[in-house]
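2 protein chains.
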Amino acid sequence: MSIKEKILQIAKQAKFASRVLANLSSRTKETALLRMAEALRANKERIKEENYKDVEKAKEKKFPCAFIDRLVLNEKRIERMILSLKEIAKLEDPVGKIESMQKRPNGLLVGKMRVPLGVIGFIYESRPDVTVDASALCLKSGNALILRGGSEAINSNIILTKILNEVLGEARLPVGSLQLIKTTDRRAVMDMLKLDEYIDVIIPRGGESLIRTVAESSTIPVIKHYKGICHIYVDEEVDLKMAEEIVFNAKVQRPGVCNAMETLLVHKKIAPDFLPLIIERFQKAGVEIRGDEKTLNLIKGIRKATEEDWSTEYLDLILSVKIVKDINETISHINKYGSHHSDAIVTTNYEKSRKFLQEVDSAAVFVNASTRFTDGGEFGLGAEIGISTQKLHARGPMGVNELTCTKFIILGDGQTRE
Amino acid sequence: MSIKEKILQIAKQAKFASRVLANLSSRTKETALLRMAEALRANKERIKEENYKDVEKAKEKKFPCAFIDRLVLNEKRIERMILSLKEIAKLEDPVGKIESMQKRPNGLLVGKMRVPLGVIGFIYESRPDVTVDASALCLKSGNALILRGGSEAINSNIILTKILNEVLGEARLPVGSLQLIKTTDRRAVMDMLKLDEYIDVIIPRGGESLIRTVAESSTIPVIKHYKGICHIYVDEEVDLKMAEEIVFNAKVQRPGVCNAMETLLVHKKIAPDFLPLIIERFQKAGVEIRGDEKTLNLIKGIRKATEEDWSTEYLDLILSVKIVKDINETISHINKYGSHHSDAIVTTNYEKSRKFLQEVDSAAVFVNASTRFTDGGEFGLGAEIGISTQKLHARGPMGVNELTCTKFIILGDGQTRE
Chain A
1 MSIKEKILQI
11 AKQAKFASRV
21 LANLSSRTKE
31 TALLRMAEAL
41 RANKERIKEE
51 NYKDVEKAKE
61 KKFPCAFIDR
71 LVLNEKRIER
81 MILSLKEIAK
91 LEDPVGKIES
101 MQKRPNGLLV
111 GKMRVPLGVI
121 GFIYESRPDV
131 TVDASALCLK
141 SGNALILRGG
151 SEAINSNIIL
161 TKILNEVLGE
171 ARLPVGSLQL
181 IKTTDRRAVM
191 DMLKLDEYID
201 VIIPRGGESL
211 IRTVAESSTI
221 PVIKHYKGIC
231 HIYVDEEVDL
241 KMAEEIVFNA
251 KVQRPGVCNA
261 METLLVHKKI
271 APDFLPLIIE
281 RFQKAGVEIR
291 GDEKTLNLIK
301 GIRKATEEDW
311 STEYLDLILS
321 VKIVKDINET
331 ISHINKYGSH
341 HSDAIVTTNY
351 EKSRKFLQEV
361 DSAAVFVNAS
371 TRFTDGGEFG
381 LGAEIGISTQ
391 KLHARGPMGV
401 NELTCTKFII
411 LGDGQTRE
Chain B
1 MSIKEKILQI
11 AKQAKFASRV
21 LANLSSRTKE
31 TALLRMAEAL
41 RANKERIKEE
51 NYKDVEKAKE
61 KKFPCAFIDR
71 LVLNEKRIER
81 MILSLKEIAK
91 LEDPVGKIES
101 MQKRPNGLLV
111 GKMRVPLGVI
121 GFIYESRPDV
131 TVDASALCLK
141 SGNALILRGG
151 SEAINSNIIL
161 TKILNEVLGE
171 ARLPVGSLQL
181 IKTTDRRAVM
191 DMLKLDEYID
201 VIIPRGGESL
211 IRTVAESSTI
221 PVIKHYKGIC
231 HIYVDEEVDL
241 KMAEEIVFNA
251 KVQRPGVCNA
261 METLLVHKKI
271 APDFLPLIIE
281 RFQKAGVEIR
291 GDEKTLNLIK
301 GIRKATEEDW
311 STEYLDLILS
321 VKIVKDINET
331 ISHINKYGSH
341 HSDAIVTTNY
351 EKSRKFLQEV
361 DSAAVFVNAS
371 TRFTDGGEFG
381 LGAEIGISTQ
391 KLHARGPMGV
401 NELTCTKFII
411 LGDGQTRE
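Here the protein sequences come in this chain order: A and B. So the first sequence is numbered by my numbering: it starts at 1 and just counts up by one. So the second sequence is numbered by my numbering: it starts at 1 and just counts up by one.
With the rest of the complex left out, here is chain A:
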């Protein structure tokens, strides 16, 4: 069978399975998810063995440390996957929920029922724990799932989906419910992106070039997960200690992820008090600072930020710093240079907190908290299949609700239109 034929077969099986999954009882899905958690626990050693192969190969190929770190499935990560399965099991089933039923003047009852999207194609890079999160979210939301993971995680993904599929088999669910594309040939992705007859949505998660390629080649609707150029604005009216902790956390706690801060904006009145303090702390933690003209006047020996810095996602221990004259300049800067991902204000002023929440055009807007919280688990969604940076359909962390859509249901007693 050619790759093209194989992918077509996978897509057809998924479509068939999606009709069955859409009508499962909440209890069946919950039981299967809890069984999956048990199965992962019972198979920890198998998982570690297969993952070890991937990790060794990545080391041979001299991948960067951060990359290898993301690939590893250790005890802690396996336990986290188990926890996430249990949390998703306990979530309310979104499917079949009826929202906002209203009665029309002619007696028609018009409501919206939440239903699965159908078949999800998920293209992601090399974090194998995402395989389990995505599988659990799609089962809970009644969707069939086609997984295409990074080639470096192939052994881990094969064993994980094998274990999950054993549980689905015991529950007599169709084989198309959860499928992994096992070939690492890139043509498989290109073939998949054209099967709009069978696949309802493509979710790419990974580097910018992957997402751009997918978006350009796909005839299936794509939910994009682009980069995060996140800002924190420290207002003049502020608890300086709180600002320091939030800002430090957002940059340093995990700099290589999309919700880490890349640009710090500071009100000019507070800058002389705040910046020397926080910049010293940053520099001790190994953070390189790139400042605007005004920051350079205040702090000696730091590099000047170029126009390009304001729109760069460093994903590293680098921070651009700008002194602003007020909240309006702040909001303009964020809406112009940001990537509409996650942005925060630290302030004690009520009006400014409201203005910031309202006017910053981003997927997640924070008051007095670190941008690092943009995450499905932290937002109470159990897990996430990704963080959407687009406006249509889903914005921010995507959980089970975002993997559904609605249909109108209309209950009549013989109404006809005049």
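Honestly, I wouldn't trust all of these hints.
For chains that are exact copies, the list does not tell them apart, and a pair is met inside one copy or across any two.
List time: in silico DSBU-like cross-link candidates among lysine-lysine, alpha-carbon distance up to 35 Å [unchecked claim]:
| no. | residue 1 | residue 2 |
| --- | --- | --- |
| 1 | 355 | 300 |
| 2 | 355 | 12 |
| 3 | 76 | 336 |
| 4 | 352 | 6 |
Simulated from the structure, these hints should not be mistaken for lab results.
With chain A held as given, fit chain B onto it using these hints.
For chain B alone, coordinates are given in the frame of chain A:
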């Protein structure tokens, strides 16, 4: 200025205006919409005069009657536009509404705030009343709007947007709030579809080839409004008189629209009682019947339906008829051949009504009512910018809510991530 430069300028102005529109008070929007209603009433004669030019030109060009009918702005249609402005004015403002605020274990409050999409590009064919509906829905939902209507309605669209813009001017709203592309050059559309930096969503409404061209050329997300192959299933357990009225209404009341019935499915047990009766009534009303083998056995002298008939949107006084053995065959047929638009069951049986509602994968699923009700006004949305046949973001009639998206808002008191 070249067309390309002109379109770019329009898009930039719209982007600028969208920031202002997003933050308007509900009262400002309501007042402007009511003023628009008054302005249309005060300018009826100007509207009719300009519309007359379009209609005369269409007659010269020998366009079909149905086309010319859609183009006409008579007293009744202008009054309907006025009514629709008033209804949209009274709707609840969706912008700024906060949904589902929850408290997380660490004390963070996580909620979703409804916000405008930003800039809408609306490409539509020759019904000028749609110009007013779209303008009103976009203003209410805080979006800037770029209109590109059919060239045959150009004079009508120019006068309508001129009147609406006079009101926006009095309210001191930016010029980019509501713009009509006045050139009828097709390159203008192609240029617009590439301006993803400024336009957030493209909504094409019209024939299938228009929508397909737009979807293929656009780098901006598109909400598609495809055809309607709508079904009605008459169950064996049924009020025959109710079934007759619903089925007749869905085919004959206005056959040229997307929510008219194209295929009638009848349970085999009721077919001998129901079909002779309804087919005679259809034939008297000039409806051509195309039946499957079993229907042909029951009713003499009708044409045989081909495989192609089951997936054809006639938009005309033609109906395909099929006798089915049960509700499962019905649901399979609809999900296979339908266009996932609007489908209905007529039954007195509770379980079958629930099964149909749950398993038919369409934007609007009806029990005991005509499919002709799929419409923003009828569903209580005030009006509609179109009827989405896709699953992502919006499905079915799109009103003000569907022209918004959500952003997460997070209220903390100093939380940082461990």
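Hints, verified against the model:
When the C-alpha separation of residue 355 and residue 300 is checked against a cutoff of 35 Å, the pair qualifies only within one copy, where the shortest distance is 34 Å, while the shortest distance between copies is 72 Å. In this homomeric assembly, residue 355 and residue 12 come within 35 Å of each other (Cα to Cα) only across copies, at 24 Å, whereas the closest approach inside a single copy is 49 Å. Taking CA atoms no more than 35 Å apart as the test, residue 76 paired with residue 336 passes in neither setting, with 40 Å inside one copy and 46 Å between copies. Taking the shortest alpha-carbon separations for residue 352 and residue 6, neither the intra-copy value of 56 Å nor the inter-copy value of 37 Å comes in at or below 35 Å.
The structure is inconsistent with the numbered hints 3 and 4, although it conforms to all the rest.
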